[in-house]
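Peer 1: Sequence:
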Amino acid sequence: MGLLDRMGTIVRSKMSRIMDKMEDPREVLDYSYEKQLELLQNVKRGIAEVATSKKRLELQRARLAQNAEQLEGKAREALNSGREDLARQALERKVSLQNQIETLDAQIAELDREEQKLIAVETRLSTKIETLRARKEAIKAQYSAAEAQVKVSESVTGISEELADVGLAIQRAEEKTEGMKARAAALDDLLEKGVLEDYTGGDALDRELSKAKTSSAVDAELARLRGETK
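Here our numbering is used: the first residue of the sequence shown is 1, the next is one more, and so on.
Source of the hints: derived by calculation from the structure; they are not laboratory data.
All residues carry an ideal CB built from backbone N, CA and C; glycine is no exception.
Watch out, some of these pointers could steer you wrong.
Said to hold, decoys possible - With a cut-off of at most 27 Å between alpha-carbon atoms, the simulated BS3-like pairs for lysine-lysine come out as follows:
id: 1; residue 1: LYS55; residue 2: LYS94
id: 2; residue 1: LYS136; residue 2: LYS44
id: 3; residue 1: LYS136; residue 2: LYS151
id: 4; residue 1: LYS151; residue 2: LYS140
id: 5; residue 1: LYS140; residue 2: LYS35
id: 6; residue 1: LYS140; residue 2: LYS128
id: 7; residue 1: LYS35; residue 2: LYS94
id: 8; residue 1: LYS151; residue 2: LYS54
id: 9; residue 1: LYS128; residue 2: LYS117
id: 10; residue 1: LYS55; residue 2: LYS117
id: 11; residue 1: LYS136; residue 2: LYS35
id: 12; residue 1: LYS128; residue 2: LYS44
id: 13; residue 1: LYS94; residue 2: LYS54
id: 14; residue 1: LYS44; residue 2: LYS117
id: 15; residue 1: LYS44; residue 2: LYS54
id: 16; residue 1: LYS35; residue 2: LYS151
id: 17; residue 1: LYS44; residue 2: LYS55
Claimed, not checked - Using C-beta positions, here's what the derived DEER-type ranges look like:
id: 18; residue 1: GLN100; residue 2: LYS44; range: 23 to 33 Å
id: 19; residue 1: TYR143; residue 2: ALA62; range: 49 to 59 Å
id: 20; residue 1: ALA62; residue 2: GLU110; range: 35 to 45 Å
id: 21; residue 1: ARG26; residue 2: ARG124; range: 18 to 28 Å
id: 22; residue 1: LYS44; residue 2: ALA106; range: 24 to 34 Å
id: 23; residue 1: ALA106; residue 2: ALA48; range: 17 to 27 Å
id: 24; residue 1: GLU27; residue 2: GLY179; range: 55 to 65 Å
Modelling step: build the complete structure from the supplied sequences, incorporating the hints.
Peer 2: Dropping the structure here:
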């Protein structure tokens, strides 16, 4: 894989992560649900249009059937009047109307089948939409709960990290305090052993007083010895 291919893969990966963060599944579910509702409305409009067309053809057929009956009556009247030619004309027109009626019957039957298909589609789609609505609301509720849990967990994690930092600071302070106490104790021990000289004012005075007492004691001892040797 070349450098450009690797860079393209990295860019696509980053863009995918960005889009994943931007995409709210609740909005996607709502959008899908709305599109299904639009489809259902289109099916319902289709059913209404087919039903209207079928009704229009049925009314037209009824008028043609009525005209055909009237032509048959006129043919009977003409035949009774000895006008066979008129009776034939009336019957010819009746036959023509019957042919139109047969064509209308075929069209009405086709529209009826189409209407039944659309009704079946509407029923299935309505069931599907109702199922989708229930699942959508359940998934949205679960996602919202999970999102809230993540926020709480992230908050707790942040608090835990802060507490960990505070604990570490306290531990370091305790360690430094213990080290300082140990150093002070060691210095006191060295001072007591005389390894280190104490240059503070109070200790110097004590040393001078001690020297004075020692000198007095020495003088007293010398005087005693002198007295014994006389």
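Peer 1: CA of LYS140 to CA of LYS35, is that 27 Å or under?
Peer 2: Given pair LYS140, LYS35 holds - Cα atoms ~17 Å apart, limit 27 Å.
Peer 1: Hinted pair, alpha-carbon criterion (27 Å max): LYS55, LYS94. Please report holds or violated.
Peer 2: holds, 23 Å
Peer 1: Between LYS35 and LYS151, is the straight-line Cα distance small enough, at 27 Å or below?
Peer 2: Outside the cut-off at roughly 31 Å; violated.
Peer 1: Quick check on a hinted range of 23 to 33 Å for GLN100 and LYS44, using CB atoms only.
Peer 2: About 31 Å separates the Cβ atoms of GLN100 and LYS44, which means 23 to 33 Å holds.
Peer 1: Hey, LYS136 versus LYS151, does the alpha-carbon distance stay inside 27 Å?
Peer 2: The hint holds at about 22 Å.
Peer 1: Would you check the hint for LYS35 and LYS94, treating anything up to 27 Å between C-alpha atoms as holding?
Peer 2: violated, 51 Å
Peer 1: Given the proposed pairing of LYS136 with LYS35, does the C-alpha separation stay at or below 27 Å?
Peer 2: holds, 13 Å
Peer 1: LYS128 and LYS44 were given as a pair; does the straight-line alpha-carbon distance stay at or below 27 Å?
Peer 2: holds, 15 Å
Peer 1: Would the pair LYS44 and LYS117 pass a check requiring their Cα atoms to be no farther apart than 27 Å?
Peer 2: holds, 12 Å
Peer 1: Quick one: are GLU27 and GLY179 within 55 to 65 Å, going by C-beta?
Peer 2: holds, 59 Å
Peer 1: Going straight from one Cα to the other, do LYS55 and LYS117 come out at no more than 27 Å?
Peer 2: holds, 17 Å
Peer 1: Do the alpha carbons of LYS44 and LYS55 lie within 27 Å of each other, as the hint requires?
Peer 2: Holds, at roughly 16 Å.
Violated hints, in rising order: 7, 8, 16 and 20; the structure is consistent with all others.
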